[in-house]
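Student: We have chain A; now place chain B with the ligands onto it with these hints.
Protein chains: 2
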Amino acid sequence: MSGTNPFDLSRHLSSEAKARVANPMKAIWKLIQQQPNVVMLANGDPHFSLYPIRKVDFEVASIENQDPVKSWTASRLSARTLLLTSSSSNRSALPLNLGLQYANGAGRPEAQRAAAALTQFYHAPPDHITTLTLGNFDGITKCLRLLGEPGDKFLADEFAFRAVTNAGVPQGIEWISVKMDGCGMIPESLEEILVRWDEGRGKRPHVLYVVPCGQNPTGSTLSLERRRKIYEIAQLYDLVIIEDDPYYFLQYPSDPNDSSLVPSFLSLDTDGRVIRLDSLSKILAPGLRLGWLTSSAAFHEHLIALTDSSTQHPHGFGQVFLAELLSEHGWGLAGFDRWVSSLREEYRRRRDFFLEEFERRIGGSGLVNARAPEAGMFVWIRVNIEKHPRYQNGINAGDGAAARARTNVAQLMQELFMCCLDSGLVIVPASVFALSGDSVWDDSAVPIEDRVYFLRATFAGTEEIMRKGLEILANVLQTFFAE
Amino acid sequence: MSGTNPFDLSRHLSSEAKARVANPMKAIWKLIQQQPNVVMLANGDPHFSLYPIRKVDFEVASIENQDPVKSWTASRLSARTLLLTSSSSNRSALPLNLGLQYANGAGRPEAQRAAAALTQFYHAPPDHITTLTLGNFDGITKCLRLLGEPGDKFLADEFAFRAVTNAGVPQGIEWISVKMDGCGMIPESLEEILVRWDEGRGKRPHVLYVVPCGQNPTGSTLSLERRRKIYEIAQLYDLVIIEDDPYYFLQYPSDPNDSSLVPSFLSLDTDGRVIRLDSLSKILAPGLRLGWLTSSAAFHEHLIALTDSSTQHPHGFGQVFLAELLSEHGWGLAGFDRWVSSLREEYRRRRDFFLEEFERRIGGSGLVNARAPEAGMFVWIRVNIEKHPRYQNGINAGDGAAARARTNVAQLMQELFMCCLDSGLVIVPASVFALSGDSVWDDSAVPIEDRVYFLRATFAGTEEIMRKGLEILANVLQTFFAE
Ligand SMILES: Cc1ncc(COP(=O)(O)O)c(C=O)c1O
Ligand SMILES: Cc1ncc(COP(=O)(O)O)c(C=O)c1O
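Chains A and B are the protein sequences, given in the same order.
With UniProt numbering applied, the first sequence covers 1 to 483.
With UniProt numbering applied, the second sequence covers 1 to 483.
A couple of the hints might just be wrong.
Simulated crosslink set (DSSO-like; lysine-lysine; CA at most 27 Å straight-line) [as the list claims (entries may be wrong)]:
(1) K26/A / K26/B
(2) K153/A / K203/B
(3) K18/A / K468/B
(4) K18/B / K30/B
(5) K179/A / K70/A
(6) K30/A / K70/B
(7) K153/A / K229/A
(8) K55/A / K70/B
(9) K18/B / K153/B
(10) K26/A / K203/B
(11) K26/B / K179/A
(12) K179/B / K18/A
(13) K18/B / K203/A
(14) K387/A / K179/A
(15) K179/B / K26/A
(16) K55/A / K55/B
(17) K18/B / K468/A
(18) K153/A / K179/A
(19) K18/A / K18/B
(20) K468/B / K70/B
(21) K468/A / K26/B
(22) K179/A / K229/A
(23) K179/B / K153/B
(24) K18/B / K153/A
(25) K70/A / K26/B
(26) K18/B / K179/B
FRET-style restraints, in silico, Cβ to Cβ [said to hold, decoys possible]:
(27) P24/A / A403/B: 12 to 20 Å
(28) A297/A / D422/B: 25 to 33 Å
(29) D198/A / Q120/B: 41 to 49 Å
(30) E188/A / E149/B: 36 to 44 Å
(31) A372/A / L77/B: 51 to 59 Å
(32) N393/B / N90/A: 30 to 38 Å
(33) E463/B / Q33/A: 24 to 32 Å
(34) A124/B / R204/A: 53 to 61 Å
(35) L83/B / P24/A: 40 to 48 Å
(36) R360/A / E149/B: 54 to 62 Å
(37) P24/A / E464/B: 41 to 49 Å
(38) F121/A / L83/B: 54 to 62 Å
(39) Q235/B / P150/A: 30 to 38 Å
For the record, the hints were derived by calculation from the structure and aren't laboratory data.
Even for Gly, the Cβ is constructed at its ideal location relative to N, Cα and C.
Next comes chain A alone, as it looks inside the complex:
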């Protein structure tokens, strides 16, 4: 999938990325590659005969059954398993002696190829290269370093995964929020910001961070139509799109017989302007700390340079695990697909359970409502806070960022959050995610401070947890609004 790219990407790189000096050893390695049988007295690499680890076995779920997640969770300890083994034997997909040696930033070729095969299968991007990461968070923060300059303004959803946006702040990135509705980022709002941009106030944004499926926190999923529009805007205004898509495999289209997944930005990317991030966190386990990033060759080169001079290549056990899992002795690609399809059904059941409980317990109250998310793990609950006896509008609510607020929504929602907590329920208030937009661009009638009347709840837990949680929420809401 490597190759040249028509789109010149270098102007998007940060001066930090451009200032990265090549390791002088690199030139030496290049020379060595032309020399087939060299004797190495060069590097302080312990010889593998001194690694005190002979073999690693991972006992994983079998995917023989048509619905492997169901049998895995139902049969529990008696569920069938498959043993993935790596040793120094060359029957290993990634032999341990190689997996436990130093490697380079992109990852061992065996593991990198396994991840690339997934990308090829699901997205068939025009012309991109895969780099292993330590999960999407690591991948995104590397992109911020690669693309972000102090003072740069980047675009994101107005309710965003704050851990990511916060991570950009110390390096001087400012975030400009794009309006959302129930279907995610509104392309017209994105375009408006760019059309009306006044260069006198700083460089126009050149990066858009977007979570296309089951967005965190709103649970919204961008339709193909919106994706196309956003991509066109990106072409028009020369944006790089960071596509953070950990919930890609967890899509629940309204027609349950429709098993298709919405095409990713990557799959539409003829220009090489999309950097896509995939993660094993939500589909296998978050503690694996493994994911992969797909980008144009030009970005790839800078990414591995950055990786080589920061985290270095991902951990050997994870790479071995990935390579073995996707090999013919493991799940293979077909088995992986069966697992994620089955997992999708499992989460769809959980989502439906959540929504039924929600409807049954609080649906009739008129105090809250929620729409069924088409992907991910989150339900975004609209609290009809305007019905609260102490709700106020047309006031001057605070100073600092809150100066624009004309209501006491933020304060009431904070009270509601504390009431939940006091009753033993943790649910996340929207204020945690609200990107306080630059008011110069944000002339909407209602500033975000007055629209934080949402709660983020997850259906990732067990039925027991959901039942208990929603019971508490119902009680708290009754009391809180009945004041």
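Tutor: Relative to chain A, chain B with the ligands alone:
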């Protein structure tokens, strides 16, 4: 080992570190910790029943034998092993369901405690906290972010591990080189730089990067006396010391009955100004990508904030491995100590083998000489390039950084390197490591460009590799000098 620290460290932090904004979720987690039995509808954390991994087994070397490395390498596939297992059973030192969940930057407490126990055992630092890292390289680059400001000048050995110094360059760190002799960094040279510092040329350096044992590339080890002097200078001039010590466990004191290890800077650190980095790379396997960093509480706090917003906590398999290995079902601390002691003897044998071959094949030539390193994996070979027929002195050798050179040492050494490569030997020329000092501080009669007459060779390989490599080197040297 936590506690307050008398030394105010905050002035050493970069503005980037200080600008890091707290994740608003953190405040919520604080509240939750006061609430014992909460129902969590908060986070998108997959439930562990959905992780398709039931068990992981690591087959590691047994440490029952007194000299476990010897029996491991001698008996190879028939060598005795020990099985480390982690599952969701609570007999696991770090159960897999916890190890594979999201955690925080410092690492799971079980693994963090295991690393802290090693630090306590070997260094007994006055008042420090341990944070897990992805190996020393990751740890150092995080320290650079934590302490470095664009334009800052940091101190390092004049021949340094360039991957580290280069990593600081894109963020604007400039390196000032400190003179070395066969015993490593010269304390008097360090002091001279600081005494003579002219603030008009920029802020005085506040960070010293040092590799105290088996320095890469020179193989030198700082004596306890030098360490004390350097620490005193650090106190006087308020330096933070980054102690990068991957070769700590590979020390070969001249008296083979002396099994003591030179005390680390950390063990001397009453002020909290030492940040020490330990790695599993050289003693277990580099692909593990796991290490730990020991610092004062004030630095620790900023480190985990940085980790939480970049790499995130280290991979679960590695943490599980470390926790199990050091548990009573694994090697335990005593077993670990036996392994590293035995490994030390193994590398001492390799070093001695290397030096004997070196002496036998080229020792008499008068063209090169080398001193026996007291730690690590490297021999620093002095090439007596002055004996080369084309050696020139008192010339004007080049422009740019090389303008200070008065000899053609750099050019001849490059030729020698290429001759080695053409004959099938990879050995690293000193120019790769030479930090071109700021000439204003460096008024030594002979600039570093004229002192790159060294080659770095490693004895980490097998005897076969060393024998072949030194044979080639001997032949190349004869031909090269006989021109
Ligand atoms: C939108 C989004 N991006 C990234 C992440 C982090 O993913 P990873 O575990 O792969 O770093 C999360 C996790 O909650 C998320 O919701
Ligand atoms: C001095 C020094 N520091 C750090 C490292 C890298 O260590 P790690 O593998 O723990 O990142 C090396 C590896 O060669 C080294 O020689």
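Student: Now, for every hint given, state plainly whether the structure supports it.
Tutor: Hints, one by one, checked against the model:
1. K26/A / K26/B: Answer violated: K26/A to K26/B is near 41 Å, above 27 Å.
2. K153/A / K203/B: Status violated; Cα separation ~30 Å.
3. K18/A / K468/B: 41 Å, violated
4. K18/B / K30/B: 21 Å, holds
5. K179/A / K70/A: This hinted pair is violated, its Cα atoms lying about 38 Å apart.
6. K30/A / K70/B: 36 Å, violated
7. K153/A / K229/A: 21 Å, holds
8. K55/A / K70/B: 19 Å, holds
9. K18/B / K153/B: Holds: K18/B and K153/B sit about 19 Å apart, inside 27 Å.
10. K26/A / K203/B: Violated: K26/A and K203/B sit about 32 Å apart, past 27 Å.
11. K26/B / K179/A: Status holds; Cα separation ~26 Å.
12. K179/B / K18/A: 30 Å, violated
13. K18/B / K203/A: Given pair K18/B, K203/A holds - Cα atoms ~25 Å apart, limit 27 Å.
14. K387/A / K179/A: 24 Å, holds
15. K179/B / K26/A: 26 Å, holds
16. K55/A / K55/B: Within the cut-off at roughly 14 Å; holds.
17. K18/B / K468/A: Measuring from Cα to Cα gives roughly 41 Å; hence the hint is violated.
18. K153/A / K179/A: 16 Å, holds
19. K18/A / K18/B: 25 Å, holds
20. K468/B / K70/B: Judged against 27 Å, a Cα distance of about 23 Å means the pair holds.
21. K468/A / K26/B: Holds. K468/A to K26/B sits at ~24 Å (cutoff 27 Å).
22. K179/A / K229/A: Within the cut-off at roughly 15 Å; holds.
23. K179/B / K153/B: Given that 27 Å is the threshold and the Cα spacing comes to 16 Å, the pair holds.
24. K18/B / K153/A: Measuring from Cα to Cα gives roughly 20 Å; hence the hint holds.
25. K70/A / K26/B: Distance ~35 Å between K70/A and K26/B Cα, so the pair is violated.
26. K18/B / K179/B: 33 Å, violated
27. P24/A / A403/B: 12 to 20 Å: 19 Å, holds
28. A297/A / D422/B: 25 to 33 Å: Hint holds: Cβ distance 32 Å, inside 25 to 33 Å.
29. D198/A / Q120/B: 41 to 49 Å: Roughly 58 Å apart at Cβ, these two residues miss the hinted range, so it is violated.
30. E188/A / E149/B: 36 to 44 Å: Since E188/A and E149/B have Cβ atoms about 42 Å apart, the given range 36 to 44 Å holds.
31. A372/A / L77/B: 51 to 59 Å: 57 Å, holds
32. N393/B / N90/A: 30 to 38 Å: 54 Å, violated
33. E463/B / Q33/A: 24 to 32 Å: Holds, since E463/B and Q33/A (Cβ atoms, about 26 Å apart) stay within the stated range.
34. A124/B / R204/A: 53 to 61 Å: 56 Å Cβ-Cβ, so the 53 to 61 Å window holds.
35. L83/B / P24/A: 40 to 48 Å: Between L83/B and P24/A, where Cβ atoms are some 43 Å apart, the hint holds.
36. R360/A / E149/B: 54 to 62 Å: 58 Å, holds
37. P24/A / E464/B: 41 to 49 Å: Hint violated: Cβ distance 28 Å, outside 41 to 49 Å.
38. F121/A / L83/B: 54 to 62 Å: 36 Å, violated
39. Q235/B / P150/A: 30 to 38 Å: Because 34 Å falls inside the window, the suggested range holds.
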